[in-house]
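Number of protein chains: 2
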Amino acid sequence: MTKKITRRKFIKTTTVAGSAAAVMPYSLFSNRVKTRVRLGFIGTGLRGQWMLWLAAKYPEVSIPAICDIDDVMIASALKILKDGGKPEPRVYKKNDEDYENMIKNENLDGVYVATPWKWHHPMSVAAMKAGINVGTEVPAALTVDECWDLVKTSERSGKFCMIMENVCYRRDVMAILNMVREGMFGELLHCQGGYQHDLRHVKFNDGVNPYGGGVEFGEKGFSEAKWRTQHSIERNGDLYPTHGLGPVSSMLDINRGNRMTHLSSFSTQARGLNKYIVDNGGSDHPNASINFKCGDIVTTTIKCANGQTIMLSHDTNNPRPYSLNFRVQGTKGLWQKDARSIYVEGVSKNEHRWDDESSYLKQYDHPLWKRFENKAEGSGHGGMDFFILRAFIEALKGTKPVLDVYDAASMSVISPLSEKSIRLGSTAVKVPDFTRGKWKSNQPIFGLDDYA
Amino acid sequence: MTKKITRRKFIKTTTVAGSAAAVMPYSLFSNRVKTRVRLGFIGTGLRGQWMLWLAAKYPEVSIPAICDIDDVMIASALKILKDGGKPEPRVYKKNDEDYENMIKNENLDGVYVATPWKWHHPMSVAAMKAGINVGTEVPAALTVDECWDLVKTSERSGKFCMIMENVCYRRDVMAILNMVREGMFGELLHCQGGYQHDLRHVKFNDGVNPYGGGVEFGEKGFSEAKWRTQHSIERNGDLYPTHGLGPVSSMLDINRGNRMTHLSSFSTQARGLNKYIVDNGGSDHPNASINFKCGDIVTTTIKCANGQTIMLSHDTNNPRPYSLNFRVQGTKGLWQKDARSIYVEGVSKNEHRWDDESSYLKQYDHPLWKRFENKAEGSGHGGMDFFILRAFIEALKGTKPVLDVYDAASMSVISPLSEKSIRLGSTAVKVPDFTRGKWKSNQPIFGLDDYA
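Protein sequences appear in the order of chains A and B. Taking this note's numbering, the leading residue of the first sequence gets 1, the next gets one more, and so forth. Taking this note's numbering, the leading residue of the second sequence gets 1001, the next gets one more, and so forth.
None of these hints come from the bench; they were simulated from the model. Possibly wrong hints are sitting among the right ones.
DEER-style ranges, computed between Cβ atoms [stated by the list, open to error]: (1) 290(A) <-> 1347(B): 23 to 33 Å; (2) 440(A) <-> 1098(B): 30 to 40 Å; (3) 1288(B) <-> 346(A): 37 to 47 Å; (4) 1148(B) <-> 350(A): 53 to 63 Å; (5) 353(A) <-> 1219(B): 31 to 41 Å; (6) 230(A) <-> 1373(B): 34 to 44 Å; (7) 1206(B) <-> 378(A): 28 to 38 Å; (8) 145(A) <-> 1096(B): 51 to 61 Å; (9) 1293(B) <-> 420(A): 49 to 59 Å.
Derived lysine-lysine pairs resembling DSBU-like cross-links, with alpha carbons at most 30 Å apart [claimed, not checked]: (10) 1293(B) <-> 430(A); (11) 293(A) <-> 1275(B); (12) 440(A) <-> 1440(B); (13) 1293(B) <-> 275(A); (14) 349(A) <-> 1430(B); (15) 1275(B) <-> 420(A); (16) 430(A) <-> 1349(B); (17) 1275(B) <-> 275(A); (18) 1430(B) <-> 430(A); (19) 1349(B) <-> 420(A); (20) 440(A) <-> 1275(B).
Beta carbons are placed, not taken as given, at the ideal position from N, Cα and C, and that holds for glycine.
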């Protein structure tokens, strides 16, 4: 599990100009280094606007075009760019398909996609086919075929499709990744992650405000409630696996020395959303008669080729404090996030007793976080958004993306596979090998040093 | 989920002598009340000796016979009884089958079985066939057929087979059961439990001391290492599910209004035991070449007829602090043991923020614990052993046992089913309905009030 050769070390040992390389090491890894990038935005809802605000801080990033179908959201986006000192972009807003015109007409290095889930795949594919690199919000696709389509399109076009899984950059997660790579936990055995987030205020609102205040969704809802809630009516599975799976994927070297082979999912009864409607809108509200298909808590267990297991929890319909349910365990010790605890045999102060995680997280703070902590502050989601956007921009400049289309596919495919497993009575279903065997020789790429 | 009618309430509404009934309510439930019970012990290893010491405190319990094959253990047991003021029992120690003579020759009301796992089933069956009630240590059986055999034998003989699952009586567990019954968590959705206990010092020792000091087991080992370790060589599954499953079974009304329908198990690679041998005995030690079959961490997910899921973790081969991994979650809130946290919507001080569990555990302290806390202190495993033994003795006096043969079967069957699931690639396997449909009308029996 220990990675002896980091990119930084490689640079130090292969170049004379070690210090210069440390500043711009990516120049060694590409012959296509750009100093400026042209970035289009597809989807300027609340998420897109936030990333737009962050992107506008980069002098080397121009944003010549944005695309959305909601005039209110577009107006906000234009104001953000104006306030950020960027020229007014061209706006594509005619209809759902106007992104195709943007892709065709604009000379872009990349597009960032922050639209409702079902649009991530077609937009990403269209962009890559047009020779444009992609950063897509999670999940990157909703079906197994769509995942394959992303992979094949990226391979054929030579364009990358980076999954914008920001939790990979959470400070504690990166410190734990550091500990994993240093061998502190020994050989990894079991990881947990998930999405345990009371989304009732996101799935329902008053049609005006984005969070709560009513029990409307769909046409009568606002922001994510417009489209996200419908997934809980139509699908039963882990609808949102990537926040939990992304971080442990890099720890387990998924697609790079390891891969996920099969999984099984279990779903509880569906109660929370109906209860929320009845409690807040009354049993006579039209939405009170809706039959929600998605079980309130979905538990998915995944087996890896190297033996490890991953347990993911999806839990968004009932009252609970937020938690991504992380646990990382190996032959020497483990991290358990909910208890803010770490135990490492021979290192922990007392045998069989937890240490508080804080001293470890400080000691193993990731070099990337050390380098950018001032910039990351206040940039959203505890700094994660700064890093994921920066990584995307660095990749657009010509370096190899640290989260690629194989990550996009393997993280996203868990949703349709969990749906299938539940539909078939929690039977085990195989996870496709999107690398077609290359996982055996692929080397880890994420979080190797302070580059990205 | 709320149980409106407790035994106490039932008594209060059906008897005039409410206060007398509160002292000895079981007299209402049996026409076979005994004032004295004759209890035989099969297995007087360390566990048996501990329970013997506790049993000797009961003036109404006589212990006319004990059975074991180890002279050292027998000598300790005899000393315990002597020190406890009990007459010297007859000793059955001729061979592995001498328990049959004890059962045949002695006039016993019950036997307590604390032998190696594989003996629990044959000993329990033999006792019931001879008209003797049984309290068996966990697990009660090792195969599906053995579980059925226990059930059928109990039904035919009219004798009970109580599974001595002491964790059902843990103080926090019983307080949470209380909260569940009061509806504090709403309708239950998901429970977790497990056995996360670094047993390397139990599975290996120096052949003289019970815990650690060497890497021997089997013939060269001592105490549990003599037999327990072999299970990790021969079997891959959740070898010890009942400590986690027992407590959540009563919360979920398993066998009494609900039942487990199917499960799937995943197992990690097996590393910990070999690593322990190599680290402590060297790679040249003969045991270093043993191939352990049992994966280090086994994750089992179980689906219930009423919709809920249960996740169990078995994790005994690597360094880690002890934890039974409890989580109990419903539509109104949840308990998470490892974080010592509770959240209940509308009750917790801050929205989306955990409360420390302590004030809840105090407020909802179970009536049984309130009644007996002084007696329970110092009685082993935080008082749990006092309660499980007391419940067994009360049942031997003639009242209905609060953990019965259906609990014994449904808790124990998880091991062979998890082995089967793993053997078949983590496919879903059905859980038998040992009640043959009676779960639909059976009423909860455990922890209803301060009786047992």
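The hints, checked one at a time:
1. For residue 290(A) and residue 1347(B), the Cβ-Cβ distance of about 28 Å falls inside the hinted range of 23 to 33 Å, so the restraint holds.
2. In this structure, residue 440(A) and residue 1098(B) break the distance hint of 30 to 40 Å, their C-beta atoms being roughly 57 Å apart.
3. At roughly 20 Å, the beta-carbon separation of residue 1288(B) and residue 346(A) lies outside the given 37 to 47 Å, and the hint is violated.
4. Between residue 1148(B) and residue 350(A) the Cβ separation comes to about 45 Å, which falls outside the hinted range of 53 to 63 Å.
5. Between residue 353(A) and residue 1219(B) the beta carbon distance is about 34 Å. The supplied range of 31 to 41 Å therefore holds.
6. The hinted window of 34 to 44 Å between residue 230(A) and residue 1373(B) is violated, with their beta carbons roughly 52 Å apart.
7. Roughly 58 Å separates the CB atoms of residue 1206(B) and residue 378(A), a value that falls outside the hinted 28 to 38 Å.
8. Separated by about 60 Å at the C-beta atoms, residue 145(A) and residue 1096(B) satisfy the suggested range of 51 to 61 Å.
9. For residue 1293(B) and residue 420(A), the hinted distance range of 49 to 59 Å is not satisfied, since their beta carbons lie about 30 Å from each other.
10. In summary, the hint linking residue 1293(B) to residue 430(A) is supported, as the alpha carbons are separated by about 23 Å, within the 30 Å threshold.
11. The straight-line distance between the Cα atoms of residue 293(A) and residue 1275(B) is roughly 46 Å, outside the 30 Å bound, and the hint therefore fails.
12. Under the criterion of a C-alpha separation no larger than 30 Å, the hint pairing residue 440(A) with residue 1440(B) is inconsistent with the structure, at around 51 Å.
13. Distance hint between residue 1293(B) and residue 275(A) is unfulfilled; the C-alpha atoms sit about 46 Å from each other, more than 30 Å.
14. In summary, the hint linking residue 349(A) to residue 1430(B) is not supported, as the alpha carbons are separated by about 44 Å, beyond the 30 Å threshold.
15. Of the pairs offered as hints, the one joining residue 1275(B) and residue 420(A) is violated, with about 38 Å between alpha carbons and a cut-off of 30 Å exceeded.
16. At roughly 44 Å between alpha-carbon atoms, residue 430(A) and residue 1349(B) are farther apart than 30 Å, so this suggested pair is violated.
17. Note on residue 1275(B) and residue 275(A): the hinted pairing is violated, with a Cα-Cα distance of about 50 Å set against a maximum of 30 Å.
18. For the hint linking residue 1430(B) to residue 430(A), the alpha-carbon distance of about 20 Å falls within 30 Å, and the restraint holds.
19. With a C-alpha separation of about 40 Å, the suggested pairing of residue 1349(B) with residue 420(A) is violated against the 30 Å cut-off.
20. Proximity of residue 440(A) to residue 1275(B) is assessed by CA-CA distance (about 25 Å); at most 30 Å being required, the pair is judged to hold.
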